[in-house]
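Note that the protein sequences, when read in sequence, are chains A and B. Following my numbering, the numbering of the first sequence begins with 1 at its first residue and continues without gaps. Following my numbering, the numbering of the second sequence begins with 1 at its first residue and continues without gaps.
Hints in this document: simulated from the structure, not taken from any laboratory.
Label-pair distances were calculated between CB atoms; the ranges are:
id	chain 1	residue 1	chain 2	residue 2	range
1	A	Ser18	B	Asp173	39 to 49 Å
2	A	Ser211	B	Ser171	53 to 63 Å
3	A	Gln174	B	Asp173	34 to 44 Å
All C-beta atoms, glycine included, are put in the ideal place defined by N, C-alpha and C.
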Amino acid sequence: MDTLCKDDIVAMIRAIRSTMEEQRDHLIELDAAMGDGDLGLTMVKAFVAADEYAASSDLTDLGKLLMQAGMTMAKAAPSTMGTLAATGFMRGGKALAGKESIDGADLAAFLRAFAAGIKERGKTEVGNKTILDVMHPAATAAEQAAADAVAPAGVLAAAAAAARTGWEEAKGMQAQHGRQAYYREQSIGKADPGATAGLFIIQAMLGAVESKEKS
Amino acid sequence: MKKFINDPKNFVNDMLEGILCAHPKQLTHVNDDRHCIVKAGPKRKGKVGIATGGGSGHLPLFLGYVGEGLLDGCAVGDVFQSPSSDQMFEVTKAIDSGAGVLYIYGNYGGDIMNFDMAAEMASMEDIRVEQVVAGEDVASAPKGEEGKRRGVAGIFFVYKCAGAKADELASLDEVKRVADKAAANVRTMGVALSPNIIPEIGKPQFSLGENEMEIGMGIHGEPGIRRGELRSAEEIVQEMLPPILDDIPIKKGDEVSILMNGLGATPLEELYVLYRTVHRMVVERGIAVFNVYLGEFATSLEMAGASISVFRLDDELKALLSTSARSPFFEQLTIG
Numbered sequence: 001m002d003t004l005c006k007d008d009i010v011a012m013i014r015a016i017r018s019t020m021e022e023q024r025d026h027l028i029e030l031d032a033a034m035g036d037g038d039l040g041l042t043m044v045k046a047f048v049a050a051d052e053y054a055a056s057s058d059l060t061d062l063g064k065l066l067m068q069a070g071m072t073m074a075k076a077a078p079s080t081m082g083t084l085a086a087t088g089f090m091r092g093g094k095a096l097a098g099k100e101s102i103d104g105a106d107l108a109a110f111l112r113a114f115a116a117g118i119k120e121r122g123k124t125e126v127g128n129k130t131i132l133d134v135m136h137p138a139a140t141a142a143e144q145a146a147a148d149a150v151a152p153a154g155v156l157a158a159a160a161a162a163a164r165t166g167w168e169e170a171k172g173m174q175a176q177h178g179r180q181a182y183y184r185e186q187s188i189g190k191a192d193p194g195a196t197a198g199l200f201i202i203q204a205m206l207g208a209v210e211s212k213e214k215s
Numbered sequence: 001m002k003k004f005i006n007d008p009k010n011f012v013n014d015m016l017e018g019i020l021c022a023h024p025k026q027l028t029h030v031n032d033d034r035h036c037i038v039k040a041g042p043k044r045k046g047k048v049g050i051a052t053g054g055g056s057g058h059l060p061l062f063l064g065y066v067g068e069g070l071l072d073g074c075a076v077g078d079v080f081q082s083p084s085s086d087q088m089f090e091v092t093k094a095i096d097s098g099a100g101v102l103y104i105y106g107n108y109g110g111d112i113m114n115f116d117m118a119a120e121m122a123s124m125e126d127i128r129v130e131q132v133v134a135g136e137d138v139a140s141a142p143k144g145e146e147g148k149r150r151g152v153a154g155i156f157f158v159y160k161c162a163g164a165k166a167d168e169l170a171s172l173d174e175v176k177r178v179a180d181k182a183a184a185n186v187r188t189m190g191v192a193l194s195p196n197i198i199p200e201i202g203k204p205q206f207s208l209g210e211n212e213m214e215i216g217m218g219i220h221g222e223p224g225i226r227r228g229e230l231r232s233a234e235e236i237v238q239e240m241l242p243p244i245l246d247d248i249p250i251k252k253g254d255e256v257s258i259l260m261n262g263l264g265a266t267p268l269e270e271l272y273v274l275y276r277t278v279h280r281m282v283v284e285r286g287i288a289v290f291n292v293y294l295g296e297f298a299t300s301l302e303m304a305g306a307s308i309s310v311f312r313l314d315d316e317l318k319a320l321l322s323t324s325a326r327s328p329f330f331e332q333l334t335i336g
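Here chain B stands alone, though its shape is the one from the complex (with noise of 0.2 Å):
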């Protein structure tokens, strides 16, 4: 194992302070607990208040996404670990603001087990809390399954329009219909190359063999729908895309945002290289490419691989997704 690391089982504590050392006008902490972040600067009265929560590995994922007009508060956990429901329930008090927090996060066991668990105890001191559990890799479980789907890069997207929503001064119950609109019009596939160390593990999660590539792998190592040799940049893509297409499914006339995501260690010419298919194939269905994002959204440390995320635009959701948005890890300006 080669990293920058100091004592493994400090590495997430090291990294939270390197964020929170290079970011102190964006991201601050509270109850003296790094894994409690939150938005610095004031709370703005009467807006709901956007949580999320999961385990560390996946920068920019999750805490990457409090900022304005995204999310205001994030519960850090251990490597692949769920944070726990006390600090969930630390950031909740934190930033609300009396319009009730909406929680936002992946489906997985230990972060719902979490996650209920502080909303109950957000009830108890009078806060109330929704949820949206965002789960819409593909490759997970099939179709009429879409409550067992893990949620991976595809939740930016969610994250983007609840915040913008929430931006509005809306009510909780609108930004939650909105969360659960983004999460049903989103859905992505992945695909590896290589394994992620865990730090405190030390050696590969897995193996895959020099030539051996695996699609649909999660962002945890979670076992995927197919290994086999490494094929072309183009012919991954003709397998993965047209699950992801057909699953809402997303026909001709419909318009998208694609989200064209590197798992940690695949360069950016690759993600290119991958996505001049993907744009071909989509365009040549007659769907409309309204806009792209391409890099890290959502990573599993330094596998390499790529995920590819298509969301579902109608009006609100395209008017939401083009707000400005900033944050340590994600900038962008209005779009149109």
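Only chain A is shown next, with the shape it has when bound in the complex (with noise of 0.2 Å):
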């Protein structure tokens, strides 16, 4: 299969938000260690709504249909990790804006505009222990895979792979962010809660693409 069309886009935000459900006590005992606690409650809020919208949305247009899920997800969602998300798929969506079904080389351009959204509005760096540390190294995968001419599921299959990567090199970063930061050297070792979600994210994405190739 070397498109994904819109049923395909769908199941891969109900995928999401039904990983979000099942991870939700976990990250919100990965938040509450450092942060407030309320990321696992953000993150099925937003992809709750993300969900409901997309699956009742008559948009062709995918890359707007994103877009509109990101919106969805500020308006449900309106914490930093949220307004994080959203801005991903925004930017994402945008990057793709006028496309009816989305190849590899897509899927690794909604990455990459998913990356850069949050870099910018979070006004973060690589190597700050954030969700950026996932989202930027599974985008330069993503790139690499779709310039072999890569098929989506291996496209985001090479994301996933260099998404764990990144969540484990993040695990050893010093976080410079938001309440963490207060934690200074204690948070070195420990897993950080949004790059945890955004592991989440590119998983399910994946998971989505394989179980329909498998059926």
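Need the complex rebuilt from these two chains, each delivered in its own frame; the hints are there to steer you.
As structure tokens, this is what we get:
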């Protein structure tokens, strides 16, 4: 399968929602250790809203669909991570404006714009122990895979593998942003809650495409 | 904690309901959300809309400057918390009359992220938005790192000048230019004597000893530059004023407007005691005082303390500062 259609995109968002619902308590625990503990709730709220929107939308422009899903997330979950995830979808969607089907290169463009949006909105850089430390390597790996004309599932598999490595590396970093930054070197060695949510997003996207290929 | 509250969770909502009941001819809200405050009455066609926003707990900041000759709308957050990008976006849509919207707000991470997001949402609906982020607290970052400075009471001058410019039906670029210029010419420093209490938390945010003060503390209790034994009012002003004046710097022959601001629990009497020394020192340096604002312009709940803001004027800023303005919290007749 070389391209994804609207149903696949809707299924991807549904898969992210399910993952966030399953991982809700895990994210709350991670976040409570160093932040205010609302990340699990925020991510569920954001992706329930995105899923409900996408499932009922009659848009055929998939870029616009993803962009609007991002807007819906921003309204539903106005916290820092909610806003960052929403920005990712809005920017990622913008990069795909006008597309009614999506290939591997489009997915790479989506992830690149997602990462760039987070970087700009969060005013952060790679290496600061944030979701960017997952999304940036994922986007780079996706671009490399897409350059080799790999199909969507392969592009997402490469992205997910790089995301996992980035997530591991972020554990060793010291937090620079948000409440976590107050913990300084105590944050080293612990998984970053935002990076974890980012990893879940990419893994769920891959899972949705893989389960379709199997069926 | 002794406060006039109901359920602490409803503190901001109850406050907003009170404000909207008290001033129905001047303020209203949009999108069925009291956190989205806008000026009552019809929009003026072709006038740039000006919006601000920020956490609650600072009245009259921020919504208190929505009014005639001032701002058009304000997104209100919970105590010391940013409002959401969606609330900002709703305010933006409500106040745009086709000439675009200028956001003016203080330099805080949450507010920046949400206003950026709101601006992006607005651009998707073809509303042009520009932003001016005010940060003038000289105690919050050294000279050379102005971009890191927190926005405090001095934002009043930015609101006043931008509001007056927008009333002339100037373009969005012109209103932004004036707001940037005002922001570049104001400097502030604060001092705290006692802490505030966030209703939902119920206990003081920090402690200050019976005989202690903290110079440079922020309006959310951010750490200042020096904590020490409480001194006389004269000595406190002698410590605070020079870093304010020397920062731009404001020199002999300059003309200024001064804002002597109370942080919530300091009586006017004490503000005048402080102002006496401010005035003497400014005049001694050969700086002319054009006018003085004294009272509560940006507070931190029941924090006792004060801040001094000095605004350097030129002919343009002086003219804009002098026009009449009226909100439920601030009123001035034309000066001069």
